[in-house]
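Chain by chain, the residues:
Number of protein chains: 4
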Amino acid sequence: MDIIVLRPEAAEERISIIVKKLEGWGLKANISKGTERTIIGVIGDTSVVSEEEEDALKVMEGVENVLRILKPYKLASREFRKDNTEIKVGDQIIGGNKIQVMAGPCAVEGREGLLAVAQKVKDAGANFLRAGAFKPRTSPYSFQGLGEEGLKYLAEAREKTGLLVVTEIMDARDIDVIVKYTDIIQIGARNMQNFRLLLEVGAAKKPVLLKRGLSSTIKEWLMSAEYIMSRGNHQVMFCERGIRTFETATRNTLDLSAVPLLKKLSHLPVVVDPSHGVGKWDMVSPMAKAAVAAGADALMIEVHSNPEEALSDGEQSLRPDYFKQLMSELRPIAAAIGRDI
Amino acid sequence: MDIIVLRPEAAEERISIIVKKLEGWGLKANISKGTERTIIGVIGDTSVVSEEEEDALKVMEGVENVLRILKPYKLASREFRKDNTEIKVGDQIIGGNKIQVMAGPCAVEGREGLLAVAQKVKDAGANFLRAGAFKPRTSPYSFQGLGEEGLKYLAEAREKTGLLVVTEIMDARDIDVIVKYTDIIQIGARNMQNFRLLLEVGAAKKPVLLKRGLSSTIKEWLMSAEYIMSRGNHQVMFCERGIRTFETATRNTLDLSAVPLLKKLSHLPVVVDPSHGVGKWDMVSPMAKAAVAAGADALMIEVHSNPEEALSDGEQSLRPDYFKQLMSELRPIAAAIGRDI
Amino acid sequence: MDIIVLRPEAAEERISIIVKKLEGWGLKANISKGTERTIIGVIGDTSVVSEEEEDALKVMEGVENVLRILKPYKLASREFRKDNTEIKVGDQIIGGNKIQVMAGPCAVEGREGLLAVAQKVKDAGANFLRAGAFKPRTSPYSFQGLGEEGLKYLAEAREKTGLLVVTEIMDARDIDVIVKYTDIIQIGARNMQNFRLLLEVGAAKKPVLLKRGLSSTIKEWLMSAEYIMSRGNHQVMFCERGIRTFETATRNTLDLSAVPLLKKLSHLPVVVDPSHGVGKWDMVSPMAKAAVAAGADALMIEVHSNPEEALSDGEQSLRPDYFKQLMSELRPIAAAIGRDI
Amino acid sequence: MDIIVLRPEAAEERISIIVKKLEGWGLKANISKGTERTIIGVIGDTSVVSEEEEDALKVMEGVENVLRILKPYKLASREFRKDNTEIKVGDQIIGGNKIQVMAGPCAVEGREGLLAVAQKVKDAGANFLRAGAFKPRTSPYSFQGLGEEGLKYLAEAREKTGLLVVTEIMDARDIDVIVKYTDIIQIGARNMQNFRLLLEVGAAKKPVLLKRGLSSTIKEWLMSAEYIMSRGNHQVMFCERGIRTFETATRNTLDLSAVPLLKKLSHLPVVVDPSHGVGKWDMVSPMAKAAVAAGADALMIEVHSNPEEALSDGEQSLRPDYFKQLMSELRPIAAAIGRDI
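Residue numbers (the working numbering), protein chains in the order written: chain A, 11 to 351; chain B, 11 to 351; chain C, 11 to 351; chain D, 11 to 351.
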């Protein structure tokens, strides 16, 4: 059901033309003549009308505006599925009562370092290891990641520690190699609207962690999940990682209200990444706690054995001992809202 | 200490002119000649140089940029005062271990309704009553508040319930009447940079709750606190109430990272208003919990006996029973971080 | 005419309750039952329903959303007045075929300087002198303006040069002294939603230049003009001066699309201030030209005899000779769109 | 040359550690001890230090901040090349005295329609035909473009009219087919930071039109140009198409100040796309004029024979006769600033 608002001066004849157009699509028109505006309520299954055809209505003579009432996403919507989606990864569940923690360095920098930090985050209580083998970098002169070599180290870390692996895909051509080594495929913020890549992971048989674009609305984010799901892969989780605003005192503005909002609009799990959200290690802890209290299903946290030597994002990484302390502080908060961590 | 960056092509002669200018202010110059740029480090007490004089340096021939290293605020800074400021209001403390709750309707709409809701928020555990007698409204055709009559009802509610009162000042001419009836003077978001009003409350002997402007940076917010403090009133608390971003799915974007950031930069207490932050009553509860977990010293929450009849902001108000439930859910979270509520 | 969208599960009974509520206001309901949603079109004069009452509808059980079709402003709208408003100031017209130029220093800093620069902008072709006697400053430690003394210098400059004066009001208590000395009262960006001040200038008998708030939407800006006009003063002109965005390479982001948009929605004149818009003197010239090409009715430009010594905003001020050159470059552009300057 | 600001409490010993670290990179330290802060000016060729290594400095004990003075881009900078870059495409120049116009429908929808509109934009004076064969669409259920079939129609239109072709690449796997049919490869806003795609077009031997990301800063945009140029392709032009802000009255906020700013910072040509910038056909004309006055080297404008039937972005497309009128109105403005169009 959509609504067409006519201009005050729209003639009877224009109304007839629009009504005929609707009837051509098998729809009916309910006309309300107000004192200042005439409004046409469109009755019938408007999903037969594409977004383009609706947009075209807006430029028809006599039309002031076309309002959409129905949500443009379906598979991702709470209406489509009333119960929360629980995604099974290895022996773990994301979206269940247990709040999962994904920890590790921003980038895979080498074998030794990765294995060492993996063991430490495992010991502190995390079940997932996060680290990038392909890194999106603002500068062409920056470290771009180890590529497949990095993926192999991740697989080795999984074997040694039992941690499940989350890593980012940057290019559709890497889909096979990524699927081979990882447990969850991450779509980074800059690729949230790389639609060809979304279709590619939509055809894969792996859970997908979909980061929010730097300036993406909740609706666009849901549409990107819909892209993936429309290809058959329903194992999608959102990851809030901060949006771009006018404020520069933090790296991004972590929008925690996205958590309850997504929970209302969708059945998919929601992850929060406070490390990218604030960009300063000493603010990660309070924001991780806040994310848990707000209802996040999982946290993604950067941990590096030696942030001073990190090849990427050292400024926002926690040292392992500090991460361990954070884990112990998160437990009572999770308990306070009736969840495990 | 400030830094002056010169253009690559700046001649020796330009450097001399700048050095002389600095010496005229009683400062010294430390010149570093790099391979591409020459940089002048300014040594001495640069606070003798006004912001204007510094800006003027930027347009001097040969100057590429002037960087400020020192913070432009002093009294509000953590360096000025290492310990957290605790503000005593009646028999309550804001900024201490106890997390305070300020609850009530957006606007004072009438005597009966106010007294009824005041009793209910008191019973649920709040110690402060919030409600506006002077209302900033986007439309000249909207309800503008009851004025002094509303203030009298607030005073009566305080007398009957023991709740302390927080209410907004909109105009410097109202300062006497506001001071007469309220316990905390609220500066609304739209007045955060109404500098004449800041000076006025700076001369008053009442605590001030300073809401963040819709698009104000943390630094500008600290500067507005500095305005108030510079007139002698050091009883200032910040109140995060959401900033304006591109996202329209929520009324504003509640920036909870402002809580740990302000705690790091300043010694003043921090309040969070999740009602204005999200603008939807069913998202107030998770965001209130998140605010507590992030370290807020107080919450400001809209409660209305009958949101369907509210003359202002009904959409974001909680019903009293729902508020009572929220209070009971906040207690274990406060306990989890070692605080009372 | 407004539209009420019901939730999919809303019962018949809820519809009846809403219809009765509408009838209580003397309105009628046109009900459209779609396959997924029921929609109520409200027929009759909805202006009898206040914004608050409408908001309250949103929290009624069964209601998903309430959409407003009519614009909330009237006097400022193009529908209210088809012809462009021309504002007569002294012997000049703002909003006519001639593009007016308002030039001068950011702040009145002293008598000699002001008189000197006034003569120079006059000679270059400007008809209005702009300068602030009361200055909004982010820091309490910055120069705050000369106050009434500054206004007297402005009046003297007018007498000597014939230039008309534009100056800012910051506080309602200054209304009489401002009205006494100025030809156009300026409302600064930070006061665009200082509603008490808007009502005050709405009662004055002087033209008002209303700057856009740092993060104000076009609709809010129109509502602020409506505030002034609702008190009887219809001599309002808008002034675009840049909005706050994520971009920090310019001081603000000058939104020139506001010019044609305001021209479409309103009959009031539109001024553009490229100096505050970009904040760098060497970008003022191209943006001033663009403003003229976009259809601005006037330009407001900062000119200072010696930007290196300015007590405020020296970085964005033009030197008089550069301003003179700009004026000569603007003439052929104005001619190209059929206007004078 | 970079600057390291130390915390007030940083001990002598910390300074020595940092100085040694700098010396390890072959750099020297110039230490300025102020009354409140110590500052280290780094002397030598700091380009040997990667961005990561610099970031790591920020988390060293005792360091408060690290400031970069030098620009992170080189090939794209005005310092690298003083003269404007002129890009030769077929028999046309972009970046020269003639302002080029790229016009056509948003998407290639069919052979007949494309050939018809191509002839019309050619007759009106455009030299370039723009249209997408691969379309980025927010919804998976929207028209996604004709793919290679669309490219063939574009090539046919070029043959028939002599217009040069601009079309978008969305995926690295399409590089060969895109290069085969187009004259300028367009990188869309959503792919501005698709770094793998940037490297791919960087290796191609075709001019690249790089649209600005929805929330990309000027600096990030320059870095994306640097990515392309770092692979050897120096034929890059920028295209401003509006940024995302809080304002929703226009589709985006067209940031025309990007034109003079890019001209100052870079030697590359700048194109403006007012159609996407404002999103409403009736505001395209004033913004196109403003772009020319601001100094744009080219315009990209959507033209569709029948916007009411467009499969994409009909709302912002001009009809051919209106486009023809716009071209005639642009000529005197171009002449007023001494250019052809």
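Just so you know, the hints here were simulated from the structure itself, not pulled from any lab data.
One or more of the hints may lead you astray.
It does not matter which identical chain is meant; a pair holds if it fits inside one copy or across any two.
Quick list of in silico lysine to aspartate or glutamate cross-link-like pairs, DMTMM-like style, CA-CA up to 20 Å [stated by the list, open to error]: (1) LYS108 with GLU339; (2) LYS31 with GLU325; (3) LYS38 with GLU122; (4) LYS290 with GLU62; (5) LYS215 with GLU19; (6) LYS170 with GLU230; (7) LYS43 with GLU23; (8) LYS81 with GLU61; (9) LYS30 with GLU159; (10) LYS170 with GLU159; (11) LYS30 with ASP186; (12) LYS30 with GLU74; (13) LYS81 with GLU318; (14) LYS274 with GLU166; (15) LYS30 with GLU89; (16) LYS81 with GLU19; (17) LYS68 with GLU318; (18) LYS92 with GLU166; (19) LYS274 with GLU71; (20) LYS274 with GLU23.
Predicted model only: the values in this text are computed from it and were never measured.
Each hint, compared with the structure:
1. When the C-alpha separation of LYS108 and GLU339 is checked against a cutoff of 20 Å, the pair qualifies both within a copy, at 16 Å, and between copies, at 19 Å.
2. Proximity of LYS31 and GLU325 under a CA criterion of 20 Å is satisfied inter-copy only: 18 Å between copies versus 58 Å inside one chain copy.
3. Taking identical chains as interchangeable, the C-alpha atoms of LYS38 and GLU122 are never at most 20 Å apart, the minima being 67 Å within one chain and 32 Å between chains.
4. Proximity of LYS290 to GLU62 under the C-alpha cut-off of 20 Å is restricted to the inter-copy arrangement: shortest distance 15 Å between copies versus 43 Å within a copy.
5. Proximity of LYS215 to GLU19 under the C-alpha cut-off of 20 Å is found in neither arrangement, the shortest distances being 55 Å within a copy and 35 Å between copies.
6. Within a single copy, LYS170 and GLU230 get their C-alpha atoms no closer than 39 Å, and across copies no closer than 39 Å, so neither meets the 20 Å cut-off.
7. Proximity of LYS43 and GLU23 under a CA criterion of 20 Å is satisfied intra-copy only: 14 Å inside one chain copy versus 25 Å between copies.
8. Proximity of LYS81 to GLU61 under the C-alpha cut-off of 20 Å is restricted to the intra-copy arrangement: shortest distance 12 Å within a copy versus 26 Å between copies.
9. With identical chains, the CA atoms of LYS30 and GLU159 are never at most 20 Å apart, being 62 Å at best within one copy and 33 Å at best between copies.
10. Within a single copy, LYS170 and GLU159 get their C-alpha atoms as close as 17 Å, which meets the 20 Å cut-off; across copies the closest is 51 Å, which misses it.
11. For a Cα distance limit of 20 Å, the shortest separation of LYS30 from ASP186 qualifies neither inside one copy, at 50 Å, nor across copies, at 45 Å.
12. For a Cα distance limit of 20 Å, the shortest separation of LYS30 from GLU74 inside one copy, 18 Å, qualifies, whereas the shortest one across copies, 29 Å, does not.
13. Taking identical chains as interchangeable, the C-alpha atoms of LYS81 and GLU318 are never at most 20 Å apart, the minima being 47 Å within one chain and 23 Å between chains.
14. Taking the shortest Cα distances, LYS274 and GLU166 never come within 20 Å of each other, neither inside one copy (39 Å) nor across copies (40 Å).
15. Taking the shortest alpha-carbon separations for LYS30 and GLU89, neither the intra-copy value of 31 Å nor the inter-copy value of 29 Å comes in at or below 20 Å.
16. In this assembly of identical chains, LYS81 and GLU19 lie within 20 Å of each other by CA distance solely across copies; the values are 16 Å between and 30 Å within a copy.
17. With identical chains, the CA atoms of LYS68 and GLU318 are at most 20 Å apart between copies only, with a shortest distance of 8 Å across copies and 55 Å within one.
18. Within a single copy, LYS92 and GLU166 get their C-alpha atoms no closer than 39 Å, and across copies no closer than 47 Å, so neither meets the 20 Å cut-off.
19. In the homo-oligomer, the alpha carbons of LYS274 and GLU71 lie at most 20 Å apart only across protomers (17 Å), although the nearest pairing inside one protomer, at 38 Å, exceeds that limit.
20. Taking identical chains as interchangeable, the C-alpha atoms of LYS274 and GLU23 are never at most 20 Å apart, the minima being 43 Å within one chain and 25 Å between chains.
Violated hints for the displayed structure, listed by number in ascending order: 3, 5, 6, 9, 11, 13, 14, 15, 18, 20.
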